[in-house]
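Sequence order for the protein chains is A and R.
Take 1 as the starting number for the first sequence in my numbering and just add one per residue.
Take 1 as the starting number for the second sequence in my numbering and just add one per residue.
Honestly, the hints are just simulated from the structure, not real lab data.
Small disclaimer: the values here were computed from a predicted structure and weren't measured.
Check the hints yourself; a few may be wrong.
If several chains are the same, the list does not tell them apart, and a pair holds so long as it fits within one copy or across any two.
[To be verified] Here are the simulated DMTMM-like cross-link-like pairs (lysine to aspartate or glutamate), alpha carbons at most 20 angstroms apart as the crow flies: (1) Lys537 <-> Glu28; (2) Lys508 <-> Glu28; (3) Lys535 <-> Glu28; (4) Lys419 <-> Asp392; (5) Lys282 <-> Asp318.
Single-letter residue listing:
Protein chains: 2
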Amino acid sequence: MTDHKRILIVGGVAGGASCAARLRRLCESVQIIMFDRGPYVSFANCGLAYYVGDVIKKEENLLIATPELFRQRFNIEVRLKSEVTAIDRDRRCIQVRDLAKATTYTERYDELVLSPGALPLRPDLAGIDLPGIFSLRTIPDSRMLRNWIQDCQAASAVVIGGGYIGMEITENLVRRGLKVSVIERENQVMSVADPEIVTNIHTSLIRQGVDLCLNESVTGFEPDKNHILKVNLASGRQIKTGLVVLCIGVQPETQLAREAGLEIGESGGIRVTSEMRTNDSKIFAVGDAIEVRDVVTGQDSLIALAGPANRQGRIAADVINGRTSTFRGAQATSVVGILDQVLAFTGPSENRLKRLGLWGRMEKIYLHPGHHAAYYPGSSPITIKLIFSKDDGRIVSFQAVGKAGVEKRVDVIAMAIQKRATVFDLEEAELCYAPQFGSAKDPVNVAGMIAANVMRGDVALAHWEDITGTSSLIVDVRNPSEYKKDHVKGALNLPLDQLRGRMGELPKNREILFYCFVGQRSYYAARALGQYGFKVKNISGGFKTYLLHKEAQSLR
Amino acid sequence: MTDHKRILIVGGVAGGASCAARLRRLCESVQIIMFDRGPYVSFANCGLAYYVGDVIKKEENLLIATPELFRQRFNIEVRLKSEVTAIDRDRRCIQVRDLAKATTYTERYDELVLSPGALPLRPDLAGIDLPGIFSLRTIPDSRMLRNWIQDCQAASAVVIGGGYIGMEITENLVRRGLKVSVIERENQVMSVADPEIVTNIHTSLIRQGVDLCLNESVTGFEPDKNHILKVNLASGRQIKTGLVVLCIGVQPETQLAREAGLEIGESGGIRVTSEMRTNDSKIFAVGDAIEVRDVVTGQDSLIALAGPANRQGRIAADVINGRTSTFRGAQATSVVGILDQVLAFTGPSENRLKRLGLWGRMEKIYLHPGHHAAYYPGSSPITIKLIFSKDDGRIVSFQAVGKAGVEKRVDVIAMAIQKRATVFDLEEAELCYAPQFGSAKDPVNVAGMIAANVMRGDVALAHWEDITGTSSLIVDVRNPSEYKKDHVKGALNLPLDQLRGRMGELPKNREILFYCFVGQRSYYAARALGQYGFKVKNISGGFKTYLLHKEAQSLR
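Chain A extracted, bound-state conformation (with noise of 0.2 angstroms):
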């Protein structure tokens, strides 16, 4: 355990300071260095959204750790304002730069760990460095923008991009009372997810007073008095407004890397092993400016999230001191709260799948049960999408989203996913039950039933996008009440309850296709008659299923 090895740390957050922290917990006698080019170490980057939200009140909040603490508790010296601006791998020192000091010095290391993050996109439009605009990567980032709001009384936004951050500012701001207009240049917000599973957050954003602006995009800015700018959209409509915050993405930041000749992978970010060490055996890297495997995919990917930049950063330490750790690789488990909404979902969406070309042996089913016991009062509705593989029913992906019990579900499975499961797993889970947290048959073992039901052959599954012009008949078995008030044009309706008295008036030369309001009373209903020898299908996830369908149809 004895070491004089000298390890350089480019990057203060996350990945970078857990590398650093665990480090020195395997090793006493190596000496850490740490650098990050801003004023912050270990900031809670996923709390400035919040922080401009006034949630979160004091900046100080935001702090995990400071220098104080990383020198005192582990004797690590940090570096802030400190900008690692080369690495000269043949002398195995890197070129710091002195921002506060407007000096330059090199630094000699034994191995080399970067952890530069990712920088937010700035899109290359006329005014884009107005006053008034910003990106949210960092702490004064997110305190210019709330002192922006309140010194200039701010009263509208525009959000520019409908991800993770661009979602997560926009209920912020619209919590703080702006008038919030998103310009997502896609036909839905959140394109990790499919469009017909934020349908919901569309129609939430929408009620809750936010100019959603699907389909559109900025082409400049322009200042007007009274720090309003105005901003230009490719449509031709221009928004007046109090700011703008930008929320495009955000790239690797591997300039240091590419110019030190680290070798990058084709999605952009830092190649390495699965042990964090880049074609330099030297110098490892981690967290968001690496490219990791999709466990799920096996593609090569950019997965931008906190809990593997964390955990890669523990396995450079290992690795280091000379253990035997890998990185399982990751499989995108995520969830953003959306005013009412809450997102989540693990493993790729069915749009990802088909962009890759690995849809060929998938199926899915939707369901829509209850977050906790129907008879509990409070159950609010979670729309799920499970993608499932047809060979062996191994779970590929799971998509929610809900008011409530949405993480939790979207946990479980990625669970079952990291351990391989299959949706007969789902099936026979056993979970926690007590009316006010969930069913008896939770929302998880509903998704494996309906798809273990599939994968027996029990029932023949149709899908909502591949009806139209069908020469099927479609039969809807609600009830004539519920039929009345809106149906699929041209379905029949003969109620579940009176099918096997009715069946005759149903045809047997040709296929029938059974909908209800979330799919089961149609699964009976399918069960029921092709027992009888009628050829029958179940349209997954029901008439709500349709109506997501539709709306997302509708905007592309």
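Mind docking chain R on chain A? Use the hints.
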């Protein structure tokens, strides 16, 4: 799929009802008759306490399905107020007592499914049949209890037994403004969990005005005037109360099975195969009346839970239909809400493992992480106890108690146990994170990291219960202000952040046991000083765990 078998089902709740519905989905042609002694089928027995508490306002909300629905939707005949009194296995028929008409008749079966459930225990005490003494198993039970509270203007109640039902009815009676006394024979409520884990529940009960009587039992009841009962206790104390609820437990209802010569297991439940078959191949049994294999301990056990009962019903239906389907056993995953506390667990407690002689190669850790990121307001701690195998790191069980986020972590671990995961899997689990939902290092990850550190030999653990009279030096590494407030008697204070400068004050020839508030700082201390040649251990779970143990031991 054509089968004119006659399948009779005894008991129409949970297991029985699930079995009946699944049977019909699998086969349209079998005849299915379901008998229940009571006036309802398929009711929400887990909701009864909440109906008493007026959380669930209407009795009809407790009805999940009616006989009409079973008839119309599933072509299943339901006979209520029909008690099955005998089984003639040779002639394959049952004797049914029509409780309404007071007549008896026989019904022939091809296959019989027993789902009689469990009966509340009624101790043979003086006055047990007095008015005002209730059990809580059926809708009429809860209706009578509700009416009694209203009609007699009951202001106080005695709940006998501190298990699931006892705790749920206590919460609901408190909610209705009654002064509640809980009489529990053991030195803790919820004895399925370990005593130090329920300490917070004792505190919460007392804080909210519950008269908690541990190590106490009832010797009899006497009537008083004005609908008041006198409850006599073993200690000599007498409580005057408006009503009594008996919650001392349930026992499998096996009389019918016993009299028919079906095999009963040592646990007292009907013995079945993993296909849910009794020793008569034409008779199946499911639900609370059977014994099941505990997947963790391998023991045959009574595990009376709704989730497993439903699964067993489905499996019996599958097998009757000639399918291959087996019950994997149960792991006793469970959750109960008790006032402001949530207690949940999966797998056996330390006490149970010790009773079964299975503790030998087990280790345990304690932790007290926040339910979400500390920097986001409203984080509340979860007290966690993880038990794992020292041989291979396999997760054995998980107990957790706190105000929020408890059931989520238990469900993740339940899936992990199902898939035979290890603590190393928990360490690298990728769970969803945003600051209002969790932490970048989720409590599940932290539990895995702590346990993995133990597995890898990075830290030796000590436990508070082993420390009494120790010759080791106990060192409190918290800040002086924390130490001053309260500490373990005889402990030396040496704050973590001064440790490296002051290690000369510590002995090298004597074992040092470190503790802090929750166990993290003391882990850092143990890691650091271990490397300088000190003999060190970390006391798991810190001072917070010490206080829980101390409180629990004071009740012995």
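We went through each hint and held it up to the structure:
1. Lys537 <-> Glu28: between (65 angstroms within a copy, 17 angstroms between copies)
2. Lys508 <-> Glu28: Classified as between: cross-chain Cα gap 17 angstroms, same-chain 78 angstroms, threshold 20 angstroms.
3. Lys535 <-> Glu28: For Lys535 and Glu28, only the inter-copy Cα distance (16 angstroms) is at most 20 angstroms; the intra-copy one is 71 angstroms.
4. Lys419 <-> Asp392: both (14 angstroms within a copy, 16 angstroms between copies)
5. Lys282 <-> Asp318: within (14 angstroms within a copy, 59 angstroms between copies)
This entry satisfies every hint, going by the numbered hints stated previously.
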